[in-house]
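Undergrad: Sequence:
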Amino acid sequence: NQFQSMLELALVIAKGALLRDEFRGSHYKLGFPTRDDDHFLKTTIATYQPESGEPEITYESVDTRHVKPVERKYVKTDLGPPEFMRVPKNIRLPI
780 NQFQSMLELA LVIAKGALLR DEFRGSHYKL GFPTRDDDHF LKTTIATYQP
830 ESGEPEITYE SVDTRHVKPV ERKYVKTDLG PPEFMRVPKN IRLPI
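If you read the sequence shown in my numbering, its first letter stands for residue 780, the second for the next number, and so on.
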C-alpha cells in the first residue's frame, strides 16, 4: 500500500529532523538559527526496526576531501561550478 509507505517515510523524516539541533537549508528549528557542521555535517541513515516498528537513526560522516561544503541558498543565484580539491589524476573532470 503506497499510503503506508508514505507514512513510514514521513516518520523517518520527522524523527531525523527532531534529532538535528541546527538550521540547514530548508530545515529550520527554533532556538538553533545557524548551521552546525561540527555536529551535523553527516549523512542520516534510517534503519527499520521490526521489534519496535520505529526507524533507528544513525549517522555517517560526509567525505569532504574533494569538494568543500558550501552554504546552500534557496534564492536564485549563480554560485558557479563547485571547487574540486585533491582529485586523483585518474579521475577525469567534469564528473
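A portion of the hints provided could be inaccurate.
[Stated by the list, open to error] Computed cross-link-like contacts, DSBU-like style, restricted to lysine-lysine with a CA-CA straight-line distance of at most 30 Å:
no., residue 1, residue 2
1, Lys868, Lys794
2, Lys821, Lys847
3, Lys808, Lys821
4, Lys794, Lys821
5, Lys808, Lys868
6, Lys808, Lys794
No lab work stands behind these hints, which were simulated from the structure alone. Since the model is a prediction, treat every value here as computed from it, not as a measurement.
Undergrad: So which of the earlier hints does this model not fit?
TA: Hints 1 and 5 not satisfied by this model.
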